[in-house]
Structure formats: C-alpha cells, structure tokens
Amino acid sequence: SAVISQKPSRDICQRGTSLTIQCQVDSQVTMMFWYRQQPGQSLTLIATANQGSEATYESGFVIDKFPISRPNLTFSTLTVSNMSPEDSSIYLCSVDAPGVGEQYFGPGTRLTVT
Amino acid sequence: GENVEQHPSTLSVQEGDSAVIKCTYSDSASNYFPWYKQELGKGPQLIIDIRSNVGEKKDQRIAVTLNKTAKHFSLHITETQPEDSAVYFCAASKANTGFQKLVFGTGTRLLVSP
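From first to last, the protein sequence lines stand for chains A and B.
Take the first sequence: its letter number 19 is residue 61 in our numbering, and every next letter is one higher.
Take the second sequence: its letter number 70 is residue 95 in our numbering, and every next letter is one higher.
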C-alpha cells in the first residue's frame, strides 16, 4: 500500500486564522480525497482532488472555506480558512489504490481551534 | 444518497471470544464494502474488503460476509486479542463507476479485555 504522510500532525490555532495541511504520497496516484472526522465521530468526505482539475466538493463544504490544491500526482493541500472552534477536527487525506475502490489513509492532522 | 448504519456502537468482549459488527446500506448500486480499523491517534487502516460479486471473504482471524438481497454486511473477528481493541468503521461505495466516494458507518468501539 502507499505510504502517506501529513503535515502538520497537530496544531492549535486561533479563531479567524487559516491553516494549510499538506498530504504527500510516496507513489503517483490518480485521486486524492480529504475527509473530516469530528471528535468521536465518523469520517465525512470534504472533497475529491484530481491532478489538473478543480476539486469536487461534497454538499455542505465550499471552496472558500476549504480551498484545495493538487499540483501533481503525489501531493495535495487542504486549507481550513477563517477558522472557528467548530472546525476542531481530525483532517485526513486518502488516496486511491490499485484495487478498484480501495482507499488508503494518512495519519491525520489534529486541529484545535481556540 | 447512500446511507450506512452500523451496530453496535460499542462492543466489549473477553480475549479469545468472537466479535461481530454489522452494517446496513441503502443504495443497491453500491458494490464495494471495506472495513477500517482506527487505533487511537492514527488514521484508519484498511483491514479487509468485499465486493458485490462475493458472499464471504476471510483473512486469518477476520472475515466479512455480504448479503446483497438484505443490503447488509458484517465483520467477524475470531479469537480476539487485546490488540484488536480499536474503533472499526464499515463503508460502502460504487466503485468502478468513476464515483469512488466512500460513505462510512458511525463506527464501533471494540474493547477486548485480557
């Protein structure tokens, strides 16, 4: 399976600021995904990022709040903009794998907004 | 859209016992059903998956069964060990349709006591 790293692993941020989370994969992948996991909850897809095209956002998530970049086949960033305490969550990136439908997850970024 | 329900929310067993976690899905077009294990402070790890053309799949102490008619699938862990303690998530997707979105269940916290 692909080796996925995320930076930062955790951060504490002040209300109104923005944080950019990086996701790096050790091999080229077609699709990268960003999920949010609120404390003690399940995973919710924020958006799907394909290289060379605009990210596709799920209902309830907008580009102004969660801008995403996908400059190449091994890297993506998610920015959480104008943060509020409600944005405190684990943010996870995942990538598609050779097996159709399979996804592998990174370790996550634990964000606390004060 | 797809909706995945998962039960139970918590499950406590003694070491050596079996554990069963059940999920139901709503979209009959879903054809890929993975299970993830998430340990504290880590990202979800894919442990086993099943596709709609298969009724059962085993990998050592874990197995997954799928009933397409009833639209439910289950994770079975035999001879549980303390290291099996984690949160387990089921998911469903319509793989190979160009729409790889995973919809997750709400999670089951499994505690295996020595």
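Treat the hints with care, since some could be wrong.
Okay, derived cross-link-like pairs now, BS3-like style, lysine-lysine, Cα gap no bigger than 30 Å in a straight line [stated by the list, open to error]:
1. B:119 to A:107
2. A:107 to B:67
3. A:49 to B:82
4. B:96 to B:62
5. B:126 to B:82
6. B:126 to B:93
7. B:47 to B:62
8. B:47 to B:82
9. A:49 to B:96
10. B:93 to B:119
11. B:47 to A:49
12. B:93 to B:62
13. B:47 to B:126
14. B:93 to B:82
15. A:49 to A:107
16. A:107 to B:82
Quick caveat, the hints were computed from the structure, so don't treat them as lab data.
For each hint, the structure was consulted:
1. At roughly 28 Å between alpha-carbon atoms, residue 119 of chain B and residue 107 of chain A fall within 30 Å of each other, so this suggested pair holds.
2. For the suggested pair residue 107 of chain A and residue 67 of chain B, the alpha carbons sit about 25 Å apart, so the restraint of at most 30 Å is met.
3. Note on residue 49 of chain A and residue 82 of chain B: the hinted pairing is violated, with a Cα-Cα distance of about 35 Å set against a maximum of 30 Å.
4. A distance of roughly 22 Å separates the Cα atoms of residue 96 of chain B and residue 62 of chain B; the hinted pair therefore holds under the 30 Å criterion.
5. Under the criterion of a C-alpha separation no larger than 30 Å, the hint pairing residue 126 of chain B with residue 82 of chain B is consistent with the structure, at around 22 Å.
6. For the suggested pair residue 126 of chain B and residue 93 of chain B, the alpha carbons sit about 19 Å apart, so the restraint of at most 30 Å is met.
7. The hinted pair formed by residue 47 of chain B and residue 62 of chain B meets the criterion: a straight-line CA distance of about 14 Å does not exceed 30 Å.
8. Of the supplied pair hints, the one linking residue 47 of chain B and residue 82 of chain B holds, its CA atoms being roughly 15 Å apart against a limit of 30 Å.
9. Distance restraint check for residue 49 of chain A and residue 96 of chain B: the Cα-Cα separation of roughly 38 Å exceeds the 30 Å cut-off, and the hinted pair is therefore not satisfied.
10. The straight-line distance between the Cα atoms of residue 93 of chain B and residue 119 of chain B is roughly 14 Å, inside the 30 Å bound, and the hint therefore holds.
11. Between residue 47 of chain B and residue 49 of chain A the CA atoms are separated by roughly 34 Å; this puts the pair beyond 30 Å, and the hint is violated.
12. Taking the CA atoms of residue 93 of chain B and residue 62 of chain B, the gap is about 23 Å. The hint holds against a cut of 30 Å.
13. For a cut-off of 30 Å, the pair hint linking residue 47 of chain B to residue 126 of chain B stands: about 21 Å separates their Cα positions.
14. A threshold of 30 Å between alpha carbons decides the hint, and for residue 93 of chain B with residue 82 of chain B the separation of about 14 Å falls inside it, so the pair holds.
15. Using a Cα cut-off of 30 Å, the hinted pair residue 49 of chain A and residue 107 of chain A holds, with the two alpha carbons roughly 19 Å apart.
16. Straight-line distance between C-alpha atoms of residue 107 of chain A and residue 82 of chain B comes to about 41 Å, which puts the hinted pair past the 30 Å bound.
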